[in-house]
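Participant: Could you build the full structure based on these sequences and the hints that come with them?
This is what each chain is made of:
2 protein chains.
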Amino acid sequence: MKFKIIMPLLFLSLFLNGQTKQDSTMLKRIFNEELSHGHSHENLCELCKGYGKRLSGSPVAAGAVEWSFNKMKSYGFDTAFKQEVMVPHWVRGEKETASYHLSSGSKPISVSICALGGSIGGKINGEVIEVTSFEELRALGKDKVKGHIVFFNRPMDDTQINTFPAYGGAIDQREYGANEASYKGASAVIVRSMSLGINPYPHTGAMMNYIDSVAKIPACAISTQDAEMLSKDLKQSSKLSFNLEMHCRWFPDTLSYNVICEIKGSEHPEEIIVIGGHLDAWDMAEGAHDDGSGVVQSLEALHLFKELNIRPKHTIRCVFFMNEENGMRGALKYAEVARRKEEKHLAALESDEGGFTPRGFSFEARGDTLKRFFAYKELFTPYFMDNFRSGGGGVDIGPLKALGTILIDLNPDTQRYFDFHHAATDMFEGVNKRELEMGAAGITGLIYLIDKYGL
Amino acid sequence: MKFKIIMPLLFLSLFLNGQTKQDSTMLKRIFNEELSHGHSHENLCELCKGYGKRLSGSPVAAGAVEWSFNKMKSYGFDTAFKQEVMVPHWVRGEKETASYHLSSGSKPISVSICALGGSIGGKINGEVIEVTSFEELRALGKDKVKGHIVFFNRPMDDTQINTFPAYGGAIDQREYGANEASYKGASAVIVRSMSLGINPYPHTGAMMNYIDSVAKIPACAISTQDAEMLSKDLKQSSKLSFNLEMHCRWFPDTLSYNVICEIKGSEHPEEIIVIGGHLDAWDMAEGAHDDGSGVVQSLEALHLFKELNIRPKHTIRCVFFMNEENGMRGALKYAEVARRKEEKHLAALESDEGGFTPRGFSFEARGDTLKRFFAYKELFTPYFMDNFRSGGGGVDIGPLKALGTILIDLNPDTQRYFDFHHAATDMFEGVNKRELEMGAAGITGLIYLIDKYGL
Numbered sequence: 001m002k003f004k005i006i007m008p009l010l011f012l013s014l015f016l017n018g019q020t021k022q023d024s025t026m027l028k029r030i031f032n033e034e035l036s037h038g039h040s041h042e043n044l045c046e047l048c049k050g051y052g053k054r055l056s057g058s059p060v061a062a063g064a065v066e067w068s069f070n071k072m073k074s075y076g077f078d079t080a081f082k083q084e085v086m087v088p089h090w091v092r093g094e095k096e097t098a099s100y101h102l103s104s105g106s107k108p109i110s111v112s113i114c115a116l117g118g119s120i121g122g123k124i125n126g127e128v129i130e131v132t133s134f135e136e137l138r139a140l141g142k143d144k145v146k147g148h149i150v151f152f153n154r155p156m157d158d159t160q161i162n163t164f165p166a167y168g169g170a171i172d173q174r175e176y177g178a179n180e181a182s183y184k185g186a187s188a189v190i191v192r193s194m195s196l197g198i199n200p201y202p203h204t205g206a207m208m209n210y211i212d213s214v215a216k217i218p219a220c221a222i223s224t225q226d227a228e229m230l231s232k233d234l235k236q237s238s239k240l241s242f243n244l245e246m247h248c249r250w251f252p253d254t255l256s257y258n259v260i261c262e263i264k265g266s267e268h269p270e271e272i273i274v275i276g277g278h279l280d281a282w283d284m285a286e287g288a289h290d291d292g293s294g295v296v297q298s299l300e301a302l303h304l305f306k307e308l309n310i311r312p313k314h315t316i317r318c319v320f321f322m323n324e325e326n327g328m329r330g331a332l333k334y335a336e337v338a339r340r341k342e343e344k345h346l347a348a349l350e351s352d353e354g355g356f357t358p359r360g361f362s363f364e365a366r367g368d369t370l371k372r373f374f375a376y377k378e379l380f381t382p383y384f385m386d387n388f389r390s391g392g393g394g395v396d397i398g399p400l401k402a403l404g405t406i407l408i409d410l411n412p413d414t415q416r417y418f419d420f421h422h423a424a425t426d427m428f429e430g431v432n433k434r435e436l437e438m439g440a441a442g443i444t445g446l447i448y449l450i451d452k453y454g455l
Numbered sequence: 001m002k003f004k005i006i007m008p009l010l011f012l013s014l015f016l017n018g019q020t021k022q023d024s025t026m027l028k029r030i031f032n033e034e035l036s037h038g039h040s041h042e043n044l045c046e047l048c049k050g051y052g053k054r055l056s057g058s059p060v061a062a063g064a065v066e067w068s069f070n071k072m073k074s075y076g077f078d079t080a081f082k083q084e085v086m087v088p089h090w091v092r093g094e095k096e097t098a099s100y101h102l103s104s105g106s107k108p109i110s111v112s113i114c115a116l117g118g119s120i121g122g123k124i125n126g127e128v129i130e131v132t133s134f135e136e137l138r139a140l141g142k143d144k145v146k147g148h149i150v151f152f153n154r155p156m157d158d159t160q161i162n163t164f165p166a167y168g169g170a171i172d173q174r175e176y177g178a179n180e181a182s183y184k185g186a187s188a189v190i191v192r193s194m195s196l197g198i199n200p201y202p203h204t205g206a207m208m209n210y211i212d213s214v215a216k217i218p219a220c221a222i223s224t225q226d227a228e229m230l231s232k233d234l235k236q237s238s239k240l241s242f243n244l245e246m247h248c249r250w251f252p253d254t255l256s257y258n259v260i261c262e263i264k265g266s267e268h269p270e271e272i273i274v275i276g277g278h279l280d281a282w283d284m285a286e287g288a289h290d291d292g293s294g295v296v297q298s299l300e301a302l303h304l305f306k307e308l309n310i311r312p313k314h315t316i317r318c319v320f321f322m323n324e325e326n327g328m329r330g331a332l333k334y335a336e337v338a339r340r341k342e343e344k345h346l347a348a349l350e351s352d353e354g355g356f357t358p359r360g361f362s363f364e365a366r367g368d369t370l371k372r373f374f375a376y377k378e379l380f381t382p383y384f385m386d387n388f389r390s391g392g393g394g395v396d397i398g399p400l401k402a403l404g405t406i407l408i409d410l411n412p413d414t415q416r417y418f419d420f421h422h423a424a425t426d427m428f429e430g431v432n433k434r435e436l437e438m439g440a441a442g443i444t445g446l447i448y449l450i451d452k453y454g455l
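Which chain is which? The protein sequence lines are A and B, in order. Quick note on numbering: the first sequence equals residues 1 to 455 in this note's numbering. Quick note on numbering: the second sequence equals residues 1 to 455 in this note's numbering.
Watch out, some of these pointers could steer you wrong.
[Unchecked claim] Calculated pairs, DSSO-like style, for lysine-lysine (alpha carbon to alpha carbon, straight line, at most 27 angstroms):
no. : chain 1 : residue 1 : chain 2 : residue 2
1   : B       : K344      : B       : K306
2   : A       : K107      : A       : K123
3   : A       : K142      : A       : K264
4   : B       : K452      : B       : K306
5   : A       : K377      : B       : K123
6   : B       : K306      : A       : K377
7   : A       : K264      : A       : K401
8   : B       : K377      : A       : K371
9   : A       : K216      : A       : K146
Hints are computed from structural coordinates only; laboratory data are not their basis. Keep in mind that this is a model prediction, so the values were computed, not measured.
Facilitator: Now the structure itself:
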């Protein structure tokens, strides 16, 4: 027990005394280069403005793949290649509308909706029944639900300081709502958007696949503002009649790609450290925070290595994963290939929590490895990003865990994320240049240390 | 020496063991209340949309004073009052324009300018001479400067992680540029805006008073984008001719007010803890970050005390200072009255660094008092605002230091501040509700602890 405590302390002590100055100088060089001459913001602009609604399977996503591949090649890294992956192809369709009448013959009240990713289309009219949980839904008799539109209206918990657990606490409605409601005979589902506060934007996101044993019913999101209004009107009107029309549909799976580049390791080229984000984005806006920021930051790490003439010991690989939003096919394919080729992935770092001011990193690691990472913490104090914690492991790197890979997430500040996430607001203009750059530099600094000192 | 070290440790230890749980529960209550039911965002909206360009001496500022006083009264605190203060009254005037010609007869290139606060108006035409420092200006012969427009073009240092020192490193150009250039016979001054990155917005701000020994000359800011363009064109054209026209002027001092409210202390009503920001704002936008956020957060602290039924031991006073931007008259008057009345001000906390996600506090305190404050740090870790440091002391509370008052600043994240500061971009929409609320709750929590445990 004592030995276990002393070893990391010894490492910490040696590390702090021997290497801190040299490493802090290198980190300062990395941050200076990025903040003065970084490419991440310009690259994000190109991606967002050129290939905004790059949902998997779409022609825009195909364009984004080519842009990414050409951009990677332009930097002259050791390799740049595309990895084939078949992806789902769901299309929202041009028109999605909704309105309701407080009573027969009254003026329609218009509501902004967006289909949940994966929903079928349809034209539905029905009475609305509001619930805030599956327990509440299950407690209702089938006759109370049959033919109705179920309205899931449980807000995200705004007292959570980290907004991701608040999202986690509400997302069941979006993911499982349609199947649960259909089981009771509902004709459609309306879900309160996963956003904090009251705003006029519906937020989309994937729903779980329809299950075979129940009918497929349309599912859409409404804004928190409209959810409040609808809930209030439901309390006052027993004859409220809701109409929705959506034209979304499924197409056959489509060939797409993960886009990959790497700088070969000088000492251990067969040992790989991955940095990545996802290239696909929802079809509501430009996917600037989700996850344009993550991919340009990942690419920027390799760019900074090259620009500062840092030759890594291990191979540093940047992966733009395809299809995180509605299928995870790129992540699964990447891990499958890695397993088949018996590639050794030491660590994988993901940036997929928005391009906000970075606060630190979370590590899916244990014991001495975790303590070794924590020993780097103070090097990040001058950059106000020394909140190092255990946990995490993003969606795209998750499948690598089974290969023994250490997983790391960049953790930006979370307060603004759900203003943008999956909504029409997620535009390039919502990303601050310096906040984005701080994240890119922080990732580069951490990867530099991991490459230098190993696990 | 040892004794001095042990005492704070002892306090720390007692504090951590005995009080942490009770205090962390109270902090959680404060944050919950603010994040779910806070008034700060709504109040900021009222202030910004009702009284946007509330520069000292203006009718809008007078309206903002009345709004503030009525708002304070509406909360039913123990007292609410206005404190008279004479403030400067400078007016930008309707029209300010600039353009330049690359050569005689060429098409004019339009430039956005804004007069620096305090400048005289004028209509000037002249050749431009670019410098990046006063040393460079001084090295030039008077004949090279005489009749010319001096263009100060030293950017803020974008490699600074905290952006305030970067601002501090560039601000001499705005503050002293006109006097320095006039001494050499210049006809006007153009200053590169104090903003990071390249953007199209000119940023105003106060210049120092003209000195009597040299001629008063007009001074304006141009955007970083236009500064880059002008600098490039100056290198290519030896005949560049610049025109500027500004109609700003001074009026006699005007009666205005600091606006103040307080909750009386139950045990030491004569001992005061002040929380404040400044009510006045530049006339370019709505003063949302600078410093609408600070005043609504300060007021919110008292509101939360009342809402949660916390009866403080000491008197908690909220001050909306007038005229921080161009005169500091409110701050000076407040301290003068405090001195005359022999009021005992224990501590003063200012929020004037924008309504961004809070990172912690800085303390202008020493020895055991500082260590006592630092012992509270871990209570703020769950809110990601535990970056406690020595230093600071904002402009408005600064004069209280001479009365022995401990000074405290709320320190939000600084990356975005100079996108908004003194520019047309500083609108209500640029403030995120949760980030604003986190700051308000953090202030309230810290003041709660200081009131409870004393200095």
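Participant: Which numbered conditions among the earlier hints are violated in the structure presented, ordered from lowest to highest?
Facilitator: Of the numbered hints given earlier, those the structure breaks are 3, 5 and 6, listed in rising order.
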